[in-house]
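Novice: Here's the letter readout for the chains.
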Amino acid sequence: MILSVSGNYFLGLKGSLDSIASLEKEKKSSIDSLDKGLERVAKQVETLTQSKAQVEAMGQGQLTEIDTKTSIAHKQKDQSSQAVDEIKASLKALQEQKASSLQEIETQISQIKSGQDSSLVMIENGSVTSLISGIVTKKYASL
Amino acid sequence: MYERQSEALQEKIKQVETSQDIADLGISGNESGTQDLKNLTSEQLKTIDAQIAEAQTQIDTLNTQKENTLSILKQKEDDVYQNSKTALQNATILANSIVDLTDELLGVTDQNRHKNDDYEMYLGAKSTSQLETHKESLRRYYQKWNDTQKLPTSTHEEILQALNAYYAFFSTDTKDILQKTY
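Those sequence lines, one after another, are chains A and B.
Sequential numbering from 1 applies to the first sequence in the numbering used here.
Sequential numbering from 1001 applies to the second sequence in the numbering used here.
Here chain B stands alone, though its shape is the one from the complex (with noise of 0.2 Å):
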């Protein structure tokens, strides 16, 4: 009976020590694969963390860009808007130039008024009316003249302002001018 009892116990523990066996080939299983889960995780990562730092030093590399490109682009704006306030300048001595020569030859301002009376019998020699008409042309202008003059210059917007001004007072009105009275 004890025998028995015995071979049946000692039994048990053989089974129940191959269980143990399994479970620590389980643990021991885990425990790897634990470790290579990390050691794959911690590449990956690495990788990852690579390709950020190759992007963000792409990011400050092009933020240099910019700032040299801004740099370049203020140093060309303020070139031509330097040449622009130049023009305008030079338009401005031609424009009074014009307004000072017309002026002088028709006598059209209080200023100017006896400065052709050696010949300006001659002027209105074919119609007095369309003298007349041309000095009250002239008036406009001179006044336009002074209108388009006073602009500010001072900004980059005033000059652009001022520039398309000028432009349409040249392209317009002076060329007008200047075909009727030459």
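Isolated chain A, as found in the complex (with noise of 0.2 Å):
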């Protein structure tokens, strides 16, 4: 009988240890299941991360280039609109310098008209013609 019941605490040593066993098996198993989950998904967010960064960095330097050709293209339309005004300018010198000059063919014309009213002066698009020769200073003038 004692036999008997050595056994069986024998056993319940044995379970005992058993169980241990066990539990540190499914512990490790458990624990070990999640950290791998946890470190995937935690690569992810890194992996994601990275690529956010890629995103921002490339769309920034996209709009950065795009940026310098746009401020290109507006330091063209400003030379461009000072040279349109500085010809403008020009162009009214221009006017201004052809309004003088027939101005002062007119003032001529009228002296000549005043002095020799035999004379046939004509002013026809800006060209001064005498049909006569000797009084008149240009028998052609052209503006």
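No wet-lab data here; the hints were simulated from the structure.
As the structure is a prediction and not an experimental result, all values here were calculated from the model.
Mixed in with the good hints, there may be bad ones.
Only pairs whose alpha carbons sit at most 27 Å apart, straight line, appear in this in silico DSS-like list of lysine-lysine [stated by the list, open to error]:
1. B:K1066 - A:K27
2. B:K1115 - B:K1135
3. A:K52 - A:K36
4. B:K1066 - A:K25
5. B:K1175 - B:K1150
6. B:K1012 - A:K98
7. A:K75 - B:K1038
8. B:K1076 - A:K14
9. A:K25 - A:K14
10. B:K1135 - B:K1150
11. A:K77 - A:K92
12. A:K14 - A:K28
13. B:K1144 - A:K14
14. B:K1012 - A:K92
Put the complex together from the two separate chains, hints included.
Specialist: Set out below in structure tokens:
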């Protein structure tokens, strides 16, 4: 009987050792599995964060490139506007010069008319023409 | 002369204005491109942010699962080690019974030396030296049991060490002594 009872307690001790071993195995398995899952998702977050930084950097780079092009285009436009203003100013100066010349010619014509009534002088399309010679200082004058 | 110059200047103005129109188109295109790029980048970033948020949720869920699992395992561990302590206590009772019984039967210790006086003469009838050898084995067994049962069992590590020591004690020493005694 003692042998039998001893065997039971022997099994009880063995059962406890087996339970502890089984528990340690379960702990390792469960925690390892969860830790691996956490590690995998953490890597995903890391990869996504890197992707985000790349997209931001690429977008910013492209925006900078476009901004540079736009800035150049604005400068070109400003330069063109300045050129147009300068040409318009030249044109205006030319027109004023033309008007001044015409005025001078008309003054001369008036002087001629007052001095020589018999002279025939025509001003047509900016050209001063006299049919007679001798009195008029220029036979043909063109502007 | 004035007319030709004037025409030339007008022509220049036209050319420059054409250049301006081209520059305007470029600026307009760039502005549109900038907006498209901003929209595209914004959409991509939104998608990535959503994926990051989803992954973060997964991390939170896994952390919660880990906490729950650790809590369950802790409870299981406490139960297993509590049961182990009970097994050690029961084994101690049994070992003490075996020691007492064999001692009373064979009169090994001073405390029980005279309890078998009535039948001691029959125990060594065949071989006195064999009986003495067995009594010596029992003395070593009792000493080993005294050492084993003094092992601490406060921590899980100590319980595990005690279990291994008890297991070795029962599976070899006790088994051997019982076979020789009975």
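Novice: Hint by hint, note whether the structure agrees.
Specialist: Hints, one by one, checked against the model:
no.: 1; hint: B:K1066 - A:K27; result: 11 Å, holds
no.: 2; hint: B:K1115 - B:K1135; result: 15 Å, holds
no.: 3; hint: A:K52 - A:K36; result: 24 Å, holds
no.: 4; hint: B:K1066 - A:K25; result: 16 Å, holds
no.: 5; hint: B:K1175 - B:K1150; result: 20 Å, holds
no.: 6; hint: B:K1012 - A:K98; result: 19 Å, holds
no.: 7; hint: A:K75 - B:K1038; result: 24 Å, holds
no.: 8; hint: B:K1076 - A:K14; result: 18 Å, holds
no.: 9; hint: A:K25 - A:K14; result: 16 Å, holds
no.: 10; hint: B:K1135 - B:K1150; result: 23 Å, holds
no.: 11; hint: A:K77 - A:K92; result: 22 Å, holds
no.: 12; hint: A:K14 - A:K28; result: 21 Å, holds
no.: 13; hint: B:K1144 - A:K14; result: 20 Å, holds
no.: 14; hint: B:K1012 - A:K92; result: 14 Å, holds
Of the numbered hints listed earlier, not one is contradicted by the structure.
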